[in-house]
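Top line first, the protein sequences correspond to chains A and B. Sequential numbering of the first sequence, starting at 1, is according to this note's numbering. Sequential numbering of the second sequence, starting at 1001, is according to this note's numbering.
It should be emphasised that the hints constitute simulated quantities derived from the structure, not laboratory data. The reader is advised that the hints may include incorrect statements.
Straight line, CA to CA, 30 angstroms or less: simulated DSSO-like cross-link-like pairs of lysine-lysine [said to hold, decoys possible]:
hint : chain 1 : residue 1 : chain 2 : residue 2
1    : B       : K1070     : A       : K31
2    : A       : K31       : B       : K1002
3    : B       : K1056     : B       : K1002
4    : A       : K31       : A       : K18
5    : B       : K1042     : A       : K17
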Amino acid sequence: EADIYQTPRYLVIGTGKKITLECSQTMGHDKMYWYQQDPGMELHLIHYSYGVNSTEKGDLSSESTVSRIRTEHFPLTLESARPSHTSQYLCASSYLGRTDQETQYFGPGTRLLVL
Amino acid sequence: QKEVEQDPGPLSVPEGAIVSLNCTYSNSAFQYFMWYRQYSRKGPELLMYTYSSGNKEDGRFTAQVDKSSKYISLFIRDSQPSDSATYLCAMSAGGSYIPTFGRGTSLIVHP
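Given only the sequences and the hints, what does the whole structure look like? Please build it.
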């Protein structure tokens, strides 16, 4: 089982609140990712990072920000939560292994409900 | 047209059946093909990985890639109720390219 953790696992919050979803991994992976997943839909890449002090936006603009101050930690912040942000958020990390393809390991996810 | 197409199902089969899960894609640059399994309320876990065309077998699972048809498959033999999950295909051009995921197929194996 992958050593990647997400907190909280479930969150119910009111519109307009600021929230931070935590993600940490103990595998020493340089690359980390945030995905948004709605039931029966594709994983949408929100943000990713190639290493400390590196952050990039993915193909889904979710009005969120990320930071990467430490290798093992990659938090996602929503400055002002809206009902459209209701979804599951998955964090992942990866390394370039022997197979020459990035192998991604996923956390258990955070289910967010914005009222 | 989406880069990766995958029928969401659900696919319901009896225990012991052979299951075939499929994805089609449009990007001819894709060379690496993955299958992830995702149980309810869990994150995806890598199940199978294949490079370029051909077959790869791991226990009851066989991954098959046909690049000429831009079509990949995952076969599950002797399916078990514990195989009930959503199966996501993913593919990339390799190296540092971030994979593109299908929407997943929900599989239900009933006793």
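Please list, smallest to largest, the hint numbers that this structure does not respect. none
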